Every structure is written in C-alpha cells, then in structure tokens.
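Novice: Each protein sequence line maps, in turn, to chains H and Y. Under this note's numbering, the first residue of the first sequence carries the number 1, and numbering increases by one thereafter. Under this note's numbering, the first residue of the second sequence carries the number 1, and numbering increases by one thereafter.
Just so you know, the hints here were simulated from the structure itself, not pulled from any lab data. Computed from a predicted model, the values in this text were never measured in an experiment. Be aware that one or more of the hints could be misleading.
Unchecked claim - Here are a few chain Y residues that sit away from chain H, every Cβ distance over 12 Å (derived from the structure):
id: 1; residue: V32
id: 2; residue: R81
id: 3; residue: K114
id: 4; residue: R115
id: 5; residue: E155
To be verified - Which residues of chain Y face chain H? A partial, calculated answer using Cβ under 10 Å:
id: 6; residue: S43
id: 7; residue: Y44
id: 8; residue: D48
id: 9; residue: R52
id: 10; residue: R119
id: 11; residue: G125
id: 12; residue: E130
id: 13; residue: F206
Unchecked claim - Within a straight-line C-alpha distance of at most 30 Å, the following computed DSBU-like cross-link-like pairs (lysine-lysine) qualify:
id: 14; chain 1: H; residue 1: K110; chain 2: H; residue 2: K86
id: 15; chain 1: H; residue 1: K68; chain 2: Y; residue 2: K53
id: 16; chain 1: Y; residue 1: K197; chain 2: H; residue 2: K110
id: 17; chain 1: Y; residue 1: K114; chain 2: Y; residue 2: K197
id: 18; chain 1: Y; residue 1: K110; chain 2: Y; residue 2: K197
id: 19; chain 1: Y; residue 1: K86; chain 2: Y; residue 2: K110
id: 20; chain 1: Y; residue 1: K68; chain 2: H; residue 2: K68
id: 21; chain 1: Y; residue 1: K197; chain 2: Y; residue 2: K68
id: 22; chain 1: H; residue 1: K86; chain 2: H; residue 2: K31
id: 23; chain 1: Y; residue 1: K110; chain 2: Y; residue 2: K31
id: 24; chain 1: H; residue 1: K31; chain 2: H; residue 2: K68
id: 25; chain 1: Y; residue 1: K53; chain 2: Y; residue 2: K31
id: 26; chain 1: Y; residue 1: K110; chain 2: H; residue 2: K197
id: 27; chain 1: Y; residue 1: K86; chain 2: H; residue 2: K197
id: 28; chain 1: H; residue 1: K53; chain 2: Y; residue 2: K68
id: 29; chain 1: Y; residue 1: K58; chain 2: Y; residue 2: K86
id: 30; chain 1: H; residue 1: K197; chain 2: Y; residue 2: K197
id: 31; chain 1: Y; residue 1: K86; chain 2: Y; residue 2: K114
id: 32; chain 1: Y; residue 1: K86; chain 2: Y; residue 2: K68
id: 33; chain 1: H; residue 1: K68; chain 2: H; residue 2: K197
id: 34; chain 1: H; residue 1: K114; chain 2: H; residue 2: K53
id: 35; chain 1: Y; residue 1: K86; chain 2: H; residue 2: K86
id: 36; chain 1: Y; residue 1: K53; chain 2: Y; residue 2: K110
id: 37; chain 1: H; residue 1: K31; chain 2: H; residue 2: K114
Glycine included, C-beta positions come from ideal geometry on N, C-alpha and C.
2 protein chains.
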Amino acid sequence: MTQTENVKRKRGRPPKTANNDFRDTRQELIKVGLSVLTERGYSYTGIDEILRKAGVPKGSFYHYFDNKESFGRILIEAYGRYFAGKLDRWFQDRTLTPLQRLDAFVEDAKAGMKRFEYRRGCLIGNLGQEMTALPEGFRALLQDVFRDWERRTEELLAEAQEAGEISPDVQCEQMSHFFWIGWEGAVLRAKLDQSPKPLDRFAEGFRSLLRGV
Amino acid sequence: MTQTENVKRKRGRPPKTANNDFRDTRQELIKVGLSVLTERGYSYTGIDEILRKAGVPKGSFYHYFDNKESFGRILIEAYGRYFAGKLDRWFQDRTLTPLQRLDAFVEDAKAGMKRFEYRRGCLIGNLGQEMTALPEGFRALLQDVFRDWERRTEELLAEAQEAGEISPDVQCEQMSHFFWIGWEGAVLRAKLDQSPKPLDRFAEGFRSLLRGV
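Bound conformation, chain H alone (with noise of 0.2 Å):
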C-alpha cells in the first residue's frame, strides 16, 4: 500500500454492517450502564440518562432490551464476568506468591476507586444494598456473582495454606466469605469516606486472620 492510498483512506472507523451497528449500540449501552449502577445503583438510575450519556436516540432502548429488568440482569453478568477476570489476573500470577497476589488484588482495587474519585463502588455491594426496592429475580443473580468470587478466593487461599503463607487452621471457604462479606463494606465506607484507608483497614485485618494473628 502506497502513502498515496493510505491518505486517500476514510476517515474514522471503517463501515459497518447494520449488524455491527446493533452490536455496537448493544455494547455500548452495556459500558454506560455498567458505569452509572457502579456509582449510584438500579432504583434510581433512569434509562433515559442512560440512553442519552450512550448517545443514542430516547425511546430505542426497547430495539436492544426487553425491559429494564432484562437489561438489569445483563449488567449484573456482564459485571460479575468481568470482575471474575479482574479476580484471575491477580489471583492467577504466577510471578507472586498466593499472598502477594492478594495484596496486588487490594492494591489495585485502591487504585481503581481512587481514578473515579471514590465515586464508584460494586455494582454487586450497590445492587445487594438496594436488594428491597430491586426485582426478586436479581436477588439469586447476585448471589451467584458472589459465591463465584468467593470460590476464586477460596482457591487462592487454599494456594497461599499449602505455600506455608497462612495457618493451617485456616477454614478457606469460610475465609473467603469473610473476605467478601467484609470487603464491601470497605468498599462501601471508601466511598463515603473518599480514601483508600478502609480498604487498608480491612486488608491489615484479614492478612492478620490468615496468618493465626
């Protein structure tokens, strides 16, 4: 290809199929949407603002999603998989022992609320606190979310015990539920409280569970 060519190229993104545009919109609902319940939850998030921060038309929301619900339990998947990976990347690193790997998990955590100014929690903790005023459906969705990263936890745990890192007292499933029952509370007070310290505070004390204090 001559520079003559590549100069004479559109513009932007190449065309798309109408099927890509769907997709595209889909995605990109999903992205806005996924953004807004991490700061401020299900109840009062209006599809309106959703549609209107995605930039697309008001009223073709109903083209993408059966209903608001429907869309609710897309982002609650969408979220649990996607933080499932997170939880992988640290969890899954070989070049850290089990525990080191947990401290990179809670590091990037502290750096990721500090980005978004500690305006942004968990969806799964925002969704689990507005529980009442949500579908009853959601309720075994976000469970479900929540027993997978605790079984990822588990396993990292079970890792760090048979490394010598933590006592071998150490029940690793009920570890792990502490470790999730705990760290949205954190996560929650980090918000409120605008600073990584309860995060720490959390972590400091659960490092010293794992080790037998």
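Given chain H, work out where chain Y should sit, using these hints.
Specialist: Frame of chain H; chain Y shown alone:
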C-alpha cells in the same frame, strides 16, 4: 378518681392542642421516613410515599420540613441517636462481661433483621452506599454517625482489654473501625441472603481477631 369517672373518660387519646398535633405529625413523618430509608435508601424514596404511609395529606410536607434534604438530615441524626442508644443499652449492661455485651448486640441485630424479614438494614449503610447520588452535605453527617458508634465500640473493647478478655496487643481504635467497616458489609449481605449467617460469620472472625486468634 372513681371507677365511674374512669368509664366516662373519652376513649382514645386525650384532646390535643394544635401544637401537639404539629409535633405528633412531625414525629410520625420521621418515624415513617426512618423505616422507609432503612429499607430502601434516600434517592429512590419519594416524599409523596412517606406522606401517604404516614397518612398525612399530600402537599403538607413543607409545613413540617424545609425540603427533602433537610428532612434527610433530620433522619440521619435521628437514626444516629436511636442507634447510639441501642449500643449503650447493650455495651453498658454491667450484668455481662464486655465481650458478652458485644455478643448480645450481635444477637439483637440478628433478631431485628429477622423480625423485618431481612428487608431493613442500616440507614447509615444504605445512605453511605448511595453517597454519590446524595446531597454532598450528607457525607459529614454520615461520617459523624460512624465515628460516634466507633467511639462507643472502642470503649467497650478497652473495657474488654482491661478485663483480660481480649489480647493486650489489640489496638482498640483500629479494631472498632474494622468492626464497623465489616459489620456494614455483613448487614448488606444478610439482606441479600435473607439470612443471619453473614452477621454470625463476621462476628466470629472479629472475635478471633480480638483473641489474637
């Protein structure tokens, strides 16, 4: 007073002055506001709904409060005080050892959540979670409430330490902060799971930390 006189008395409440009416209605709005915010938070709650539930004519809200924000502030302070009283009731019960008092508080919280079928959590936790969507002035109020509860908890832990119930290495201030970080997460999860287990699991881990495991 003879029995006849007693019988002649009008049934129901004694007649009230206009001033009493004002106070009663205002108190009723606060009571209903507390229950609704404890269930569902602030953002999603409309004043109309609270007026309807309180049986107060629509539109008369501004007779009692300046606006929704000032009503919210009053609710945060009322809940903070109410809960501080509850903490005192348990934490200052001299018939129990300090750690038994903490256990009694946990059992009371479990019973309270069960009574309301895990629909109600903590008003301060709910509002902390939705802080991004709240008037910025709420932040300091919510933080003050946590600091107050933490101070009461710190005193209990110091008593437990003096009594030799917990490790002398425990930093009571840090540990009371840890408690409230994790406890809010446990209340959130108990609502989601409709179960007392997250409260038990967190309390159990906390006690291990206090013992120095």
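Novice: Can you name, in rising order, the numbers of the hints this structure does not satisfy?
Specialist: 8, 9, 21, 29, 33 and 35
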